[in-house]
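Colleague: As given, the protein sequences belong to chains A and B, one line each in that order.
Counting in the numbering used here, the first sequence runs from 1 upward without gaps.
Counting in the numbering used here, the second sequence runs from 1 upward without gaps.
Each hint can be trusted.
The following residues of chain B were derived to be distant from chain A, with all beta-carbon distances above 12 Å:
| hint | residue |
| --- | --- |
| 1 | Thr6 |
| 2 | Asp28 |
| 3 | Ile29 |
| 4 | Ala30 |
| 5 | Ser32 |
| 6 | Met36 |
| 7 | Glu38 |
| 8 | Thr48 |
| 9 | Pro70 |
| 10 | Gly81 |
| 11 | Val82 |
| 12 | Asp91 |
| 13 | Thr113 |
Cβ-to-Cβ under 10 Å is the rule here; a few derived chain A residues that face chain B:
| hint | residue |
| --- | --- |
| 14 | His56 |
| 15 | Gly60 |
| 16 | Thr62 |
| 17 | Pro63 |
| 18 | Gln117 |
| 19 | Val141 |
Derived by calculation from the structure, the hints in this document are not laboratory data.
Idealized CB from N, CA, C, for every residue including glycine.
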Amino acid sequence: MTTTYYGIRTITEQSLLAWFTTNATLFPNVQIVCGQTDQIRSLPIIILHAESATAHPDLGGTPVGNFLVDVKIYVYSSADDSTREQHQARVEASQAIMQNFAGLQSSWTQGGLYFAQIVNDNESVADRRYGNVLHYSLVAVYPPAS
Amino acid sequence: MATPQTYGTALTWALYDTNSFVILQSDDIAVSDAIMVEVMNESGVVSTLRMDDQRSEITLTGVLKQGSTPPIPTSILTYAGVSYILQNVTDSGTNNGFRRVTMKGKKYQGITTG
Chain A
1 MTTTYYGIRT ITEQSLLAWF TTNATLFPNV QIVCGQTDQI RSLPIIILHA ESATAHPDLG
61 GTPVGNFLVD VKIYVYSSAD DSTREQHQAR VEASQAIMQN FAGLQSSWTQ GGLYFAQIVN
121 DNESVADRRY GNVLHYSLVA VYPPAS
Chain B
1 MATPQTYGTA LTWALYDTNS FVILQSDDIA VSDAIMVEVM NESGVVSTLR MDDQRSEITL
61 TGVLKQGSTP PIPTSILTYA GVSYILQNVT DSGTNNGFRR VTMKGKKYQG ITTG
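Using the sequences and the hints, build the whole thing.
Modeller: In structure tokens form, the structure reads like this:
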């Protein structure tokens, strides 16, 4: 018998990537990558990063594969080749995609997603880059034992 | 100078048992006697005590597993080898959390529940 191993942050990033790729027409010429990648990055870019995962606190000492996952979606554009309006459109499209919870849930690759909630949207400008960080809180579970 | 304590004392940790339809979060077991008769002597001092009709009351709280339904009052719930008659079941949820089920039951001395 082989044992299957899972990583909730990996599942989360791959699922988000699948959902964003499904909606890629909303992001023409935008690179979409996971937080952990060896790809060469170029602007404009959207980085889907499952920053941390915590055993769900509601389950006390027996979390049984249920996690609270902190997700950061980084949207970066260069002021040299994008207008501020184009950058904002990318941010708004990212939020719209995440608000489609049923779609996100159906794109979940392994286990299940219960819940996704936006926590905040932070914006900054540096070195002629527009940057937004969309912070989401997700609750997800590993697949059951097979 | 006091000698450092290098020994440990093992204690009872967490819950006595598990449950098939919830992930148990807490248990609370209270045992009491319904009959408690005190007999006083001529001086008014209790000299005889009769306690009987013991019952064990349990309160279990857990998070409902997907696809499971909570039991209904009157059903029998076995926990840590004791079978209780469920008398109260609460199934509560919020829009951003797991569903919690609270079950209250009793085991009566004079009723065989299995």
